[in-house]
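Undergrad: So the sequence lines, in the order shown, correspond to chains A and B.
So for the first sequence, our numbering puts the first residue at 1; every next one is plus one.
So for the second sequence, our numbering puts the first residue at 1; every next one is plus one.
Rather than coming from a laboratory, the hints here were simulated on the basis of the structure.
Some hints here could point you the wrong way.
[Unchecked claim] Stretches of chain B that chain A covers, calculated by requiring three or more beta carbons in the stretch to come under 8 Å of a beta carbon on chain A:
hint, segment
1, 47–58
2, 93–104
3, 138–146
4, 243–253
[What the hints assert, rightly or not] Computed list of chain B residues with no C-beta within reach of chain A, every gap over 10 Å:
hint, residue
5, C31
6, T40
7, A62
8, L66
9, R90
10, L238
11, V260
12, Q268
The beta carbon of each residue, even a glycine, is placed where N, CA and C say it ideally should be.
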Amino acid sequence: MTACFNEMFEGGSVRPPYARLQDWMAAMPAELRQMKQAEAESLFRRIGITFAVYGEGGDPDRLIPFDMFPRVFSAGEWARLERGIKQRARALNAFLVDVYGRGEILRAGRIPSRLVYQNEAYEQAVAGFVPPRGVYSHIVGIDLVRTGPEDFFVLEDNCRTPSGVSYMLENREIMMRMFPDLFRENRIEPVDSYPEKLRRTLASVAPAKCDREPTVVILTPGHFNSAYYEHSFLADLMGVELVEGQDLFVEGEFVFMRTTEGPKRVDVIYRRIDDAFIDPLCFRPDSMLGVPGLMDVYRSGGVSICSAPGAGVADDKAVYTFVPEMIRFYLGEEPILQNVPTWQCGKAEDLKYVLSHLPELVVKEVHGSGGYGMLVGPKSTVDQVETFRAKILANPSNYIAQPTLALSTTPTFVAEGVAPRHVDLRPYCLVGERIELVPGGLTRVALTEGSLVVNSSQGGGVKDTWVLAE
Amino acid sequence: MLLKVDHVTRYAYDQPVRGVVQSHRLTPAVCEGQRVLSWTVTVSDGQMGGGFRDGAGDWVQAWTVLGPVSDITVRVEGVVETADTAGVLRGHRETIPPAVYLRDTPATEADVALAQLCAGVDVATDALAAAHELSRRISEAIAYRPGVTHAHTTAAEALALGEGVCQDHAHAMIGAARHLGLPARYVSGYLHASADGVPHEAAHAWAEVFLPALGWVGFDPSNRCCPNDGYVRLGSGLDARDAAPIRGIARGPGQERLDVTVAVQMQQ
């Protein structure tokens with residue numbers, strides 16, 4: 001593979017955002033580094049943040065490796081990313097309002113209508129409904145990779161309930177505790193306003209019938225869920241209640257939560273459960289997790305649900321291909337962030353190309369996640385490629401393929417010292433009355449040398465992500 | 001025709017339940033050939049919840065009943081003035097694009113046998129004739145016989161049995177139409193049982209198929225006709241479950257016993 005972009009070192013010199021980290025790195029003997037690493041680990045253990053990132057499953061008690069070497073963006077780099085991310089979040093929400101309304105983009109032939117209307121994630125139960133402020137996806141997690149100084153690609157959009165933001169906050173917290181000097185020497189934009197911004201975003205989409213300061217809750221599937229830590233963490237930081245389905249009930253026109261002081265009306269539900277489990281009356285009659293009657297209250301303006309039911313149709317891997325088209329159609333702008341070129345194996349032409357270029361491509365299952373069930377062509381043996389070829393041929397429409405991107409690397413602490421490792425980035429864009437982006441996000445790092453798979457289930461770790469002030 | 005509807009649904013629980021939540025699609029929408037003169041829905045001990053018109057143009061009304069309660073009666077009474085539109089749905093306000101009704105559900109999905117039943121039906125030339133032909137084939141392939149199928153029987157299962165009721169006919173009609181690329185949906189409503197000797201269910205169901213030239217058109221394979229002024233249209237959905245006039249959940253371990261009576265009479 002061609003040489004990839006190193007975010008710190010370029011042509012033998014240090015790129016400006018990392019300038020001050022050069023000395024820090026040099027002044028870190030192995031013993032100190034090991035001591036600090038052990039300290040970080042014990043801090044993480046103490047706060048109990050051991051859940052899998054992005055609902056990947058795996059051992060819930062396993063700690064995700066934390067790499068102390070920060071990933072740094074300059075103010076200029078971030079400004080452009082921010083514009084691109086906000087643009088994308090706006091277009092995705094416009095798309096959702098459209099496809100649950102008149103479907104203009106489909107009528108215009110810009111996106112095939114069967115891709116939307118026959119999509120499993122399309123909820124005809126909310127067709128014709130416009131949520132408060134026209135927002136379906138209130139927290140948009142956009143997964144980005146970088147291949148050059150100016151080249152960022154969106155890998156996927158997460159419009160439902162993107163997780164991992166607690167890592168963004170905890171990674172920062174721990175870095176500040178362990179290396180306070182670094183935060184004096186560098187002017188780093190804070191991320192700790194995220195919970196308050198999230199609370200304000202949620203409160204800003206209170207339903208039509210809410211005539212007072214809205215009561216916000218987080219709805220969790222419960223402590224068996226791999227992201228339960230994050231749910232309770234965010235509830236704590238926002239100062240809102242964390243509830244399960246059984247804590248909520250519908251009476252008359254509203255939803256109430258049981259409290260020790262009696263029933264309390266709930267106005268906004270930040271749900272961390274899937275659509276199928278929201279309301280057994282509407283979706284899954286066998287669900288024990290949901291709140292019977294919730295959807296009727298929602299549709300009649302008695303409560304808001306974030307993200308709005310049906311938002312998932314915008315982050316489907318097949319719909320992803322058309323996000324640049326959405327940006328042009330709804331905003332009349334050119335996309336600031338690029339999509340990764342994607343071949344749909346369900347299309348005969350695309351399949352032909354994919355099968356003849358397998359050793360160069362990354363092939364993924366359409367509904368897969370967590371880095372499982374994928375082929376990274378350049379990193380695979382001939383046998384592995386052939387086995388995968390048979391899988392694709394057995395069910396072509398279940399696969400998409402993308403070129404293998406030369407993901408950027410950042411310096412990472414490894415057993416031998418410091419070495420470049422590949423990274424990605426998930427920032428969290430908030431959409432309510434305003435569109436806001438906290439300067440930072442979650443950087444995931446592939447800790448194995450040469451690996452491009454950053455998923456924690458496949459040996460990935462996390463880093464603190466810095467955005468420098470002007 | 002003036003049709004008077006009396007529809008009583010009684011839920012009895014063998015032990016009191018803590019509460020009940022219901023979602024009703026029990027109010028006829030206004031459209032050509034259907035005008036509501038009076039209409040009331042009551043739920044014993046019930047508190048009326050939120051109501052809204054959904055994307056399909058149906059009024060959805062939520063109700064809750066605070067327990068403990070051991071029986072609940074939902075009573076629908078009203079008078080509707082109807083006219084025969086030869087099954088064509090006109091003047092009905094809805095926002096869901098017809099293409100959404102190409103979505104299959106387990107209840108309507110066409111299996112090999114249902115696909116074979118569609119063989120030779122040419123949608124491209126004359127979609128209306130094609131839909132009539134489908135309706136005819138289905139009424140022949142699935143004989144009307146109550147009691148052999150149940151609420152969860154799929155179109156494929158009913159076709160294999162060769163017997164069923166209006167729900168099965170409607171599911172098969174929908175599956176066949178979608179198989180041929182025509183959007184189709186399930187309609188629940190009432191039927192005035194005229195004295196023509198054919199057995200009718202007063203609580204009835206049929207299918208609507210979207211035809212490019214006419215829009216939504218009703219087909220009732222059970223009665224080998226298109227809905228006329230003897231029909232009252234309540235609401236629609238992708239299948240029977242989606243279009244159910246009453247959906248409900250009771251909190252508590254009590255076993256539920258359901259008793260439904262429907263009378264549709266012509267008024268002078």
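Undergrad: Confirm or reject each hint.
TA: Going down the list of hints, with the structure as the test:
no., hint, verdict
1, 47–58, "holds (count 10)"
2, 93–104, "holds (count 8)"
3, 138–146, "violated (count 0)"
4, 243–253, "holds (count 4)"
5, C31, "16 Å, holds"
6, T40, "19 Å, holds"
7, A62, "4 Å, violated"
8, L66, "7 Å, violated"
9, R90, "19 Å, holds"
10, L238, "7 Å, violated"
11, V260, "19 Å, holds"
12, Q268, "38 Å, holds"
Violated hints, in rising order: 3, 7, 8 and 10; the structure is consistent with all others.
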